[in-house]
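J.: In order, the protein sequence lines correspond to chains A and B. Heads up: the first sequence runs through residues 82 to 538, numbered per our numbering. Heads up: the second sequence runs through residues 3 to 752, numbered per our numbering.
You may find that some hints are simply not true.
[Said to hold, decoys possible] In silico contact screen, one side only, chain B against chain A (beta carbon under 8 Å); selected entries:
1. D102
2. L109
3. E111
[To be verified] Lysine to any residue pairs mimicking SDA-like chemistry, simulated, CA-CA at most 25 Å apart:
4. K681/B with Y693/B
5. K191/B with N338/A
6. K484/A with H432/A
7. K200/B with W306/A
8. K80/B with Q528/A
9. K484/A with R44/B
10. K189/B with C300/A
11. K200/B with C300/A
12. K122/B with W306/A
13. K484/A with A48/B
Note that these hints are calculated values from the structure, not bench results. Every residue gets a Cβ at the ideal spot worked out from N, C-alpha and C, and that includes glycine.
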Amino acid sequence: MPQAAGGRGRAIPSLRPSQSRFMADSYCVHRIIEDPEWCLIAVPPLTELCLQHIVQNFTNNPVLDRLPPEDQRKVLARLPTGLPLTVTANLISDEDYWKRCCTDRWQVCDISNHGGSWKRMFFERHLENILKCFVPNTTDPDQVLELIPLCRGYVRKLEVDQFLPPVKEDQKEERDDLSDSGSDLEFGEVCIHHYDLRALVPALPLLEELHLTYGVKECGMNFEWNLFKFTYQDCCNLAAAVKMCHNLKIFKLTRSNVDDDKTRLLVRNLLDHPSLVELDLSHNLIGDKGARAVSKLINCSKLEILHLCNNQISNEGAQALAQALAKNCTLTSLNLRLNHVEDEGGEAVGHALLTNTTLKSLHLGGNRLAEPTALVFSQVLTQNSTLTCINFSCNPIGPDGGKQLLEGLRCNQILTEFDLRLAEVDEESEYLISQMLWANRDAARLQPLLQQPAEPL
Amino acid sequence: MSRGAGEESAGPRWRMPGLDHETQPGSDPAEPGPEERIAARRRRIAARLDAQRRQALGEIEEPKEEAEEEGEERSSHKQVEESRQKLAKLLFEGTRMVTDIQVAADLRETQRRAEQAQLKLQRVEKLENEARSSADKFEEITSKWALAKKMTVPQELWQLLNQQQQLCTQLLEEKNKLIGELQQELKNKDEQYVQTIKKQSDDIHLLLERMEEQIRMMLKTYRHNVHQKAFELERRELLDNNRKKWEEAIQALNTKELEYLHARVKKVEEFEKQLNQLRVQYEEEYNSMKIHLETDVQNLERQLQHMKAVYLVNQEKLEYNLQVLKKQDEENTIIRSQQKRKLNRLHSLLSNLRTKLVKQEKQFREENQSLAADCERITGQCKEVQRRMRHFAASDAEKFMKVWLMNEEEAKGLMRKALDADRIIHTQQLGLPWEEPHYWFLNNIGPFGHYKAKRMATKLAAEVLTESTSGAQEKKEEKEEVGSGEGQKENTAKAGDTATPLQNISRKTAKRILELVSDESGFLIERKLLGPLCALGKHERTLLRLDSIFSALEIDSEDDLYQLVDFFLKYKAKEGDLSQSQGSPGGEDIADLGEDRTDGESSAQSDELKSSQRPLDSLLSVCIHADDVLKILKAFVQDFHKLREEDSSAKEVLQVRDSSKDGEYWEALAHVIPEPTLKLWDALAVALEEYYNILTRRANLLAEAAVLQQQNSELSLMLEQFITSGVNSMLLSPPVHQMDLNLPCPEEPR
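Kindly generate the complete structure, drawing on both the sequences and the hints.
T.: Take a look at the structure:
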């Protein structure tokens, strides 16, 4: 016996692999003990199985809050991104999950545009996409309404750069027929209102930013003026919706063919808005009347930033704005680029800036301003102590005007940016101006540095 | 600065799409002039170069500032400042370069708008002119139509119509021309639009290019600035410094290590030497020790031999002993077994005895218990018997009294009868005068030997107070002596005891004591009494007071009063002694006094008293202070009850009476009639007997006579009846006649 045992003992090491194979073959892997390659890792723990099950059945039975934090993390890491939002929206707050959702859905994800929150980004962009693809009278409005309870706690910003008009087959055919004859007017009579934001916007209590463009993107050769028509009814709806939205801080309505009447309507509804800070109506068709309405708004709200670039404001509108500006004490930035302000308006604005003490940034580029405006502004530069940034680019100011401005700038130590490109100013004064600006910038840079050490003392 | 610049750069970038859009729809006919563009481009290139130069110098700012902090005041400061400025400028130029495109586009747009407006004006003018001219022509044509109507000659008409046609065609041609022009314009516009779109895309491309370039440049410059020479130098210096320090430190370390090594080697050598020394030393020691031990071993071996011999001897001895012991052991076992047996027997005996003892103890205990119970019972019985005896004694005495009284009454009645008889005999029979005899016992009622009813304490007090003559006292004493006679020893002793104090105490002192008591213990008097008391005289007041005080103190009898007075005196005496000897009076003494009094025998007490009272009498009148009265009274009350109990038990035994005189008394009562009178009575009795006999004879005779008379009367009656009855008449001879004669006879004796 001992001999036999010894013999076996010697034999075992050499035999093992073959033996195990043999065993596996003969006993159909019954003996785990004798399988040297087997180890415990191959057996998933019960918790793991449970988590797996939870992940698989998450749609029907979303169990998350009751799990311990570690398991929650595991589950969240494994959840598929395609889960219905009704399940996930209010249950999952984990950023990693929403990051996965976002990156799966969109190639470019700039989280800084959405307050650094992936979840917020997901919902905002989701809602934006739905709105962009919404075709009135064909798309089910519930599609949006159903989403409201899911996203109302997360959406702070809406950036919709496309609103589709309603489409009807017969109209389309008609249009095709009549497109050549250009009877657009007939079309205009048919109502082509866009999506009514009144149903959505007031239901989003956290909404702070609203960027809208009533138009169609990438229409290509199907271009029609109708596609870009912003109707009065649309404007009414929008104005009502914005009025209801009390937390709105930034409102941008660009490239939407907003004319004077619509501007007035909007302004009427935005008067005394509790929180609106920034208004952007650039690239529209606002004329003097609209400018007058906006000037009224300036003094009846908390507006700090106003963009009216690329409109049709002429000297009258500019004068109205200047009048408002003279009394105002909230507006810090005004943009009137690419308008027809001309010297009369420019002078009015300059006179207003003699009394105004809040405006910091002013853009009057492309307004056909000439020497008289420069004369007024040289005075403004000597007196005003808040303006830090002026843009006079693309104005035929001329060399004399440049000299005037240079004179005015000699007494100024606040202005840090003064754009005089393509303003027909001679190079010498431009150079001197830039030198002075550099000095001012250094001073401005040193000021906080000087103030900082003073503060702790 | 850099941030501001960043915003600036960002601004335009955001604006770009807007610009794109805005330029998209409209056509862009007016491009900026080529010179302008060239100038702009030159400027850009210059700026770029400039920027590159500046980039080389400035604008690390933030990373630099960090370096600044580290590198204190060095050349890096300057470097930082320079590069910051350079970078700022670079940034500014870069953004400017990027925004240049926008600005140029803006300018183009404004120019385009201006041109557009002009063209529009021109077009409108042109159209108006055209319209006017065409209207003129139209009018001309229409006017000619009127002329044509007037025409009658066909050739003329034809000519006119031809002219008209020509005019019309002219007009139409003009219009068509205009349309063609406009369409041409439109085409041009379209082309321009396409061109502007192309331009825009070019611009956008350019913009992107520039932006990318700028980004690249900025990155490069930033990177470059980070590795500035100054920094390099500084770094190198720092590195050198550090390396020097490091090397120095390493050198120091090495030298130190060398030192340590040397020291260690030295130490090792020393230790080796020491080890060697020690080894030699220990070897020597070891050798000497070895020799010593070997000698020892030899000695020990020798001893061992010796011991072996001894051992053998001992072994033999021991073997012998062993055998002896074995035998002894055997014997012992035998004895032990015997002893064991004995012991067992004794054990059993002992156990028996124990059980017996236990039994007996139990028995005795039971007996004891039963005996104790018996004893208790017997004592109870004894007491009961005593009580009964007392009761019987009392009832006996009462009965005796009653019997006595009854007998005495009877006797006295008899006596009185006898005396009356005597008196009657004397007076009536003998006719002699009779005198009432006077005897001592005649007036006696009740048995002798009664104690005189004890006078009430108050009475005694009153007596004392009134200072009546000692007669009363003496009388009392006499009575006592009479009452007590030859009573038991105790009785006399007691009497003596009670008597002695008052005898011994002078009246004065007694009076004084009582007065003191009455004065001081007014609180014992009931309040109701106080009012009436005031009305009375001094003497009576004290009396009444005393009365109430005594009732409060439960002093009823004479003896109690004596005791009280006596107590006072004794107390005083003790106090006096104590004050003389120790000077510590107090309740204890009084208590002692009381105890003495109760414990001590009466005779001894009296002796003591007598001995002590002599000198006290004089003192007493002076010494008893008013303040002490209360104390004394308190002590007295404490003792009093004890005393009384003793007394009562003593008194009960005293009630055995003396019957010696009774016989005499009764004898005397019996012999109330003296002998001579008796003799006289005997004689008289004989005489009277005779007289009586005679009288009786006479009486008998009289009775006979009466009977005879009665018989007579009866017979007469019967006769009467016979006479009166009808029979009589019928009878030839009525008996009535005969009876008439007898009739008056019975009536006569009556």
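J.: Regarding the pair K191/B and N338/A, is the alpha-carbon distance no greater than 25 Å?
T.: OK: K191/B and N338/A at ~22 Å, within 25 Å.
J.: Would you check the hint for K80/B and Q528/A, treating anything up to 25 Å between C-alpha atoms as holding?
T.: 19 Å, holds
J.: With the threshold set at 25 Å, check whether the alpha-carbon distance from K681/B to Y693/B stays at or below it.
T.: Given that 25 Å is the threshold and the Cα spacing comes to 18 Å, the pair holds.
J.: With a cut-off of 8 Å, does the beta carbon of E111/B approach a beta carbon of chain A closely enough for the hint to hold?
T.: 6 Å, holds
J.: For the pair we were handed, K484/A and H432/A, check the Cα-Cα distance against 25 Å.
T.: 19 Å, holds
J.: Under 8 Å, Cβ to Cβ, is where L109/B needs to be relative to chain A, so tell me if that hint holds or is violated.
T.: 4 Å, holds
J.: Please work out if K484/A and R44/B have their alpha carbons no farther apart than 25 Å.
T.: 24 Å, holds
J.: Quick one, are K189/B and C300/A close enough, alpha carbons at most 25 Å?
T.: Measuring from Cα to Cα gives roughly 22 Å; hence the hint holds.
J.: Would the hint linking K200/B and W306/A be met if the CA-CA limit is 25 Å?
T.: Distance ~22 Å between K200/B and W306/A Cα, so the pair holds.
J.: K200/B and C300/A: Cα distance at most 25 Å?
T.: Judged against 25 Å, a Cα distance of about 18 Å means the pair holds.
J.: Interface hint check: D102/B, Cβ to nearest Cβ on chain A, cutoff 8 Å. Holds or violated?
T.: Constraint on D102/B satisfied, holds at 7 Å.
J.: Does A48/B sit within 25 Å of K484/A, going by the straight-line distance between their CA atoms?
T.: 24 Å, holds
Every hint, counting from the list given before, is met by this structure.
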